[in-house]
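All chains should be built: construct the whole structure from the sequences, respecting the hints.
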Amino acid sequence: MKSIKNSIICSGLLVPIMIIFIWWLGSNAFWWNTFLLPSPTQTASAFFSYLQNGELQKHVCASLSRIIKGFGLSAVIALSLALLCSQFPALLTQIEPTLEFFRHIPPMSVIPLLILWFGIGESPKIILIILATFFPVFLNTLQGIKASDSKLTEVAKVFGYSHWNQFRFVVLPEAIPSILTGLRLGLGYSWRALVAAELVAAASGLGYMILDAEKLSRSDVVLMGIFVIGALGAFIDYIFFSFLKLSLKKGYML
Amino acid sequence: MSWLKIENLRKTYELENMKVNALSGVNLEINQGEFIVVVGRNGSGKTTLLNILAGLEEQSLGKVFFQDNECTIENPLSVGMVFQEARLMPWLSVERNLLFPFLPDKNFSKLHQKTLDLVKMLKLEGYENAMPSQLSSGMAQRVALGRALSYNPEIVLLDEPLGALDYFTRRTLQLELIRIYLKGEKTFLMVTHDVEEALRLATRVIVLKNGSIDSSIQINMEYPRVRNCPEFQDLIDKVLLALDDSEA
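These protein sequence lines map, in sequence, to chains A and B. Using the working numbering, you'd call the opening residue of the first sequence number 1 and step up by one each time. Using the working numbering, you'd call the opening residue of the second sequence number 1001 and step up by one each time.
Everything labelled a hint here was simulated from the structure, so no lab data went into it. Please note: incorrect hints may appear among the correct ones.
[Said to hold, decoys possible] Dumping the calculated DSS-like pairs for lysine-lysine here, alpha-carbon to alpha-carbon at most 25 Å:
1. K1110/B - K157/A
2. K1110/B - K1123/B
3. K1186/B - K1110/B
4. K157/A - K1209/B
5. K157/A - K1114/B
6. K1019/B - K1209/B
What follows is the structure in structure tokens.
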């Protein structure tokens, strides 16, 4: 019993358990209108009914496919550009003002234009994810490379490392924590952008499912959708970074 | 034929319309198997001299010859260098740090025996898989020394490698350096501002003053050297006298 108590405290489950308990208690004691905030049992039953009729899987698959495409493309573009800029400072000088301009534009503000140009298909959603995730990945990668310790590069120079090897074996491994932070932030932002895009123009996806439930006054489904997005985001973050850390430890980092 | 010859080495830095001479004509001949320690005050040009030999800086004037061949950027002198801080790669284990000079080589994985030899020589057994953050300063500096030796360089450059260590660790590592030197395989060029340390280690002490060599003092004492013998005290006085600016 004591060990269960300790593992709950250590794993950080205490706060979620307390929230669910208060939520359950409040719903049953009618502290609020359960139409506005349904009880945990109502939300769970919405979850199982959507799971049973396959609706949930359909929407999750649609959203996940957009995340994989959008975030994957964004990560490739941002990482490549950051690596290029770190090697060719003149390129950074040329594109920095433009990037700075675009960085301050909220991605959601370009949704009307994207719909106008690309319709309500997949393209605007993927472009929106790219816009939302490019900057955290790009800036963190660039910062990580720029902040590399010149003293460590000197060591590589002494041992006759070529410029490329200095970059590969010293600068890049040193920048890995920054790059991972950028990817992690980007992945989080991609969910936010996706749901926003699906709320505006979509026929599938978790954002669409929430909007549709709102129109039908199904607050239990809205709540269930929010939970699924949160849980899915956390799960993907955990899997993605566990895999990345493991592969870095085993392979690339030597 | 000199083994290593430094000829009229000059280095000038330009700082806001002002020229600073870090080295103003250093001439030095080093024989294979010597343990040379360069002593000098702060700003006397000690580190600049090592940086030029290591290829980290380019001289303004002068030449370096290794076995009569001029050392250039295309044809650099093969050196292993230990800095004042260990400068280990924090993401690599002790074993990988020791083999750092060979990381880009394709045959890297076949060097395990080399690590075992180094670990044994530096008394780092059991720490092969430790990360740099788990090592004390003294141990980290040993790994840095091992890394320099693993490269099998022509000359090992030591830039105040014991400067940041406490007295006892420093003494232990001085003895380690002597032990490695006495194996007779390497030539060492060390810089320090600690006269006593210089005299404990060197076969020749070079006094560097204002960017040029003031004097060269041959040390013929047996290792290990103790400071309370009259000969050692005389040598300390001699070096300190050479370093003293008021005499100039």
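Hints, verified against the model:
| no. | hint | in the structure |
| --- | --- | --- |
| 1 | K1110/B - K157/A | holds, 23 Å |
| 2 | K1110/B - K1123/B | holds, 22 Å |
| 3 | K1186/B - K1110/B | holds, 24 Å |
| 4 | K157/A - K1209/B | violated, 28 Å |
| 5 | K157/A - K1114/B | holds, 22 Å |
| 6 | K1019/B - K1209/B | holds, 18 Å |
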